[in-house]
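With the sequences and hints as input, model every part of the structure.
In order, the protein sequence lines correspond to chains B and R.
For the first sequence, full-length UniProt numbering assigns the number 251 to the last residue and increments by one with no breaks.
For the second sequence, full-length UniProt numbering assigns the number 166 to the last residue and increments by one with no breaks.
What the hints contain is simulated information worked out from the structure, not anything from laboratory work.
Careful: at least some of the hints might be erroneous.
Said to hold, decoys possible - No more than 20 Å apart at the CA atoms, straight line, and that leaves these computed lysine to any residue pairs for SDA-like:
1) R:K136 with R:L119
2) R:K115 with B:I130
3) B:K131 with R:L83
4) R:K115 with B:L108
5) R:K166 with B:I130
6) B:K60 with R:L81
7) B:K145 with R:V138
8) B:K112 with R:L83
9) R:K46 with R:N76
10) B:K2 with B:E79
11) B:K131 with R:T88
12) B:K60 with R:E80
13) B:K131 with R:A113
14) B:K131 with B:Y198
15) B:K116 with R:A86
16) R:K6 with R:T93
17) B:K116 with R:I82
18) R:K166 with B:E115
19) B:K116 with B:K131
20) R:K151 with B:T36
21) R:K11 with R:K68
22) B:K145 with R:S116
23) R:K67 with R:V13
24) B:K131 with R:S116
25) B:K112 with B:L194
26) B:K131 with R:P57
27) R:K126 with R:A113
28) R:K166 with B:Q137
29) B:K145 with B:V207
30) R:K151 with B:I38
31) B:K145 with R:L137
32) B:K112 with R:T88
33) R:K136 with B:R138
Computed from a predicted structure; not experimentally measured.
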Amino acid sequence: MKNENLYKYILGIADNSLILGQRMGELCGHGPSLETDIACTNISLDLFGQVRSFYQYAAKIAGDGKTEDDIAMLRKEREYVNVLLVEQPNTNFAYSIGRQFLFDVYHLLFLKELEKSKDLTLSAIATKSIKEVSYHQRFSSDWIKRLGDGTNESHQKIQSAIDDLWTYTDELFHQTGADKAMVKEGIGVNVTTLKDKYYHLVKNVLVESTLKTPESKYFQKGGKQGIHTEHLGYLLAELQYMQRAYPNMEW
Amino acid sequence: MTTTEKHIDPKLVAILEQVSDPEIPVLSIMDMGVVRSAVIENDVVKVQITPTYSGCPAMDVIGDDIKKALKEAGYNSEVELILAPAWTTDWITLRGRKALEDYGIAAPLDSEADKSVLLEGKRLVKCPQCGSTNTKLVSQFGSTACKAQFKCDDCQEPFDYFKCLK
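Shown next as structure tokens:
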């Protein structure tokens, strides 16, 4: 494929949003209150919208007749290159919010850089997404504060969620081969430069929420290479069910 | 209000004004500001629309409705979705804002006021039912991606507020 690096680069961005969107969507009808339920699924919808723009672009670049739906629905587990963070399950509401928050802070920093990309399509999708992701970050940050500075139980639950999810944060800043090639061409974002700012912003919210910033230096990685935690397979089984059971079905 | 440069053939305006947002039927897509251009080339109308929010499920329906309305007026058409420049609530026309209010949806404030309402809990949004600004935010996310949920503390009615997007 011509432009293979660009294709891979786009999947690297879009897979994160697809998998996180699916996780948030799982809360549909199960949110702790009606308003929160609606908020979570709204976030999911925004992410899927962004994903569609990315996959449409990727399909165009691939030029092999595959559509956005094929890319979203018909790849195997090892072909998804999302970070491990976004596939972590909705263990309880604190995990859902913790995961969202730890991703949102990265996502917004990332999109603000992607907006400067020489690739006009990526830049346009980024501009559009920034507006939406700003709302996501407000929502998840508010909840971190509310849970952290809430009751003893909510404090303990969000602290333990943050402690557990922390191990997946470092991977956000790992560069793949496609990343490096795209940075060189002025298309991609050099994620290594976002790291300090990310931890600084996250820490500010945690401090305000009376939460401890985890000190663990042990981090998990692999998602960007297609090596996932056991959770992704189950997620994909649900995500892909209709297309696997009824190939090429349409609404 | 900035609308940036739009090229809409005057002959097509009346036809496109008949098409409305399926989730806010009182608001025409022209007043919504989602039609970015509409020109006739070799007997085919080429329309460019831009989504309000990336995930807005109304866009597919709007595209189909545009084609249908143009077909009825005797035109074949192509509808293209464009992302840049990104849509902003500033593109909603004055008539559109009035239509929203009449429909029971509070129109977007300017971005500074919007922030102080959504982030600091200030009471600035006018209740579309009774006009009071004694209103409070219930949730930043509402029945569709573009709206937030509010409640009026005077008339006690819940209502939607169209979030500012800039």
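Outcome of the hint check:
no. : hint               : in the structure
1   : R:K136 with R:L119 : holds, 11 Å
2   : R:K115 with B:I130 : holds, 15 Å
3   : B:K131 with R:L83  : holds, 13 Å
4   : R:K115 with B:L108 : holds, 17 Å
5   : R:K166 with B:I130 : holds, 10 Å
6   : B:K60 with R:L81   : holds, 15 Å
7   : B:K145 with R:V138 : holds, 17 Å
8   : B:K112 with R:L83  : holds, 16 Å
9   : R:K46 with R:N76   : holds, 9 Å
10  : B:K2 with B:E79    : holds, 19 Å
11  : B:K131 with R:T88  : holds, 10 Å
12  : B:K60 with R:E80   : holds, 15 Å
13  : B:K131 with R:A113 : holds, 16 Å
14  : B:K131 with B:Y198 : holds, 19 Å
15  : B:K116 with R:A86  : holds, 15 Å
16  : R:K6 with R:T93    : holds, 14 Å
17  : B:K116 with R:I82  : holds, 18 Å
18  : R:K166 with B:E115 : holds, 15 Å
19  : B:K116 with B:K131 : holds, 15 Å
20  : R:K151 with B:T36  : holds, 16 Å
21  : R:K11 with R:K68   : holds, 16 Å
22  : B:K145 with R:S116 : holds, 18 Å
23  : R:K67 with R:V13   : holds, 14 Å
24  : B:K131 with R:S116 : holds, 16 Å
25  : B:K112 with B:L194 : holds, 11 Å
26  : B:K131 with R:P57  : holds, 17 Å
27  : R:K126 with R:A113 : holds, 12 Å
28  : R:K166 with B:Q137 : holds, 16 Å
29  : B:K145 with B:V207 : holds, 9 Å
30  : R:K151 with B:I38  : holds, 16 Å
31  : B:K145 with R:L137 : holds, 18 Å
32  : B:K112 with R:T88  : holds, 17 Å
33  : R:K136 with B:R138 : holds, 17 Å
Checked against the numbered hints above, the structure breaks none of them.
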